[in-house]
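Engineer: Sequence:
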Amino acid sequence: MSNDPQPEIPAFEFRPPEVDRDRKFSFLHPSIPAVGVMSLAAAGLHGGVTGAHFEEWVGYGIFFLVSTILQAFWGALALIKFWESKEALNDPYPRAGVVTWEAAFYQAGAWGNFAIAVLYVITRIWGVPFAGPALGEKEAWDFYGIATTILEFLIFAQGLKMAGDLKRGEVPMSLNDLHREG
908 MSNDPQPEIP AFEFRPPEVD RDRKFSFLHP SIPAVGVMSL AAAGLHGGVT GAHFEEWVGY
968 GIFFLVSTIL QAFWGALALI KFWESKEALN DPYPRAGVVT WEAAFYQAGA WGNFAIAVLY
1028 VITRIWGVPF AGPALGEKEA WDFYGIATTI LEFLIFAQGL KMAGDLKRGE VPMSLNDLHR
1088 EG
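Following the numbering used here, the residues of the sequence shown are numbered contiguously, the last one being 1089.
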């Protein structure tokens, strides 16, 4: 055994990494939660009548099923990306970041909902276009259809606004941006 003094080992001090307050993230538009929930609600309303439309004609059923799936997917993805970006703001090692397709995503949701809403209005005013056993027949106005169409027009308007805000640079994209706005 040696009498040599042992080297002094420095104490370990844990310092969490700093959060980059200027790091940019997509999907932080403050309207996303409302628009995402509206899209999920429209999907739920469409899903509720899909079975009845399949009974009327398979083509109508497929249209309602596809509308339901697309609205649910769009709304859920918007909400997931929003929450992911919100969490990433305070994470020194975020999994989220900036995506190039954010504005296109908003526009796709806006125009898709617009098309469905316009088709509803057309079927009530002029009759069912395109195909099926009810071709040319005017459909009846109903509460759930009107409610769904209002949601779709709101998604359309807000989706285009969100895409425009993003293109104009009017959307907070970092912690510092959020603190400047708030």
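Treat the hints as calculated values from the structure; they're not laboratory data. Predicted model, so just to flag it, every value in this text is computed and none were measured. Cβ coordinates follow ideal geometry from the N, Cα and C atoms, glycine included. Heads up, a few of these hints could be off.
Claimed, not checked - Using 25 Å as the maximum straight-line C-alpha spacing, the simulated DSS-like pairs for lysine-lysine come out as follows:
hint: 1; residue 1: Lys988; residue 2: Lys931
hint: 2; residue 1: Lys931; residue 2: Lys993
hint: 3; residue 1: Lys1045; residue 2: Lys993
To be verified - Okay, the calculated beta carbon distance ranges per label pair:
hint: 4; residue 1: Gly955; residue 2: Phe921; range: 49 to 59 Å
hint: 5; residue 1: Gly1004; residue 2: Gly1039; range: 11 to 21 Å
hint: 6; residue 1: Glu920; residue 2: Glu991; range: 38 to 48 Å
Engineer: For every hint, state whether the structure bears it out.
Structural biologist: Against the structure, the hints come out as follows:
Of the pairs offered as hints, the one joining Lys988 and Lys931 holds, with about 14 Å between alpha carbons and a cut-off of 25 Å not exceeded. Distance hint between Lys931 and Lys993 is fulfilled; the C-alpha atoms sit about 11 Å from each other, no more than 25 Å. A hinted pair counts as satisfied when its Cα atoms are at most 25 Å apart, and Lys1045 with Lys993 does not qualify at roughly 46 Å. At roughly 53 Å, the beta-carbon separation of Gly955 and Phe921 lies within the given 49 to 59 Å, and the hint holds.
Distance hint for Gly1004 and Gly1039: a CB-CB separation of about 45 Å, inconsistent with the stated range 11 to 21 Å. Look at Glu920 against Glu991: about 31 Å separates their beta carbons, and that is not inside 38 to 48 Å.
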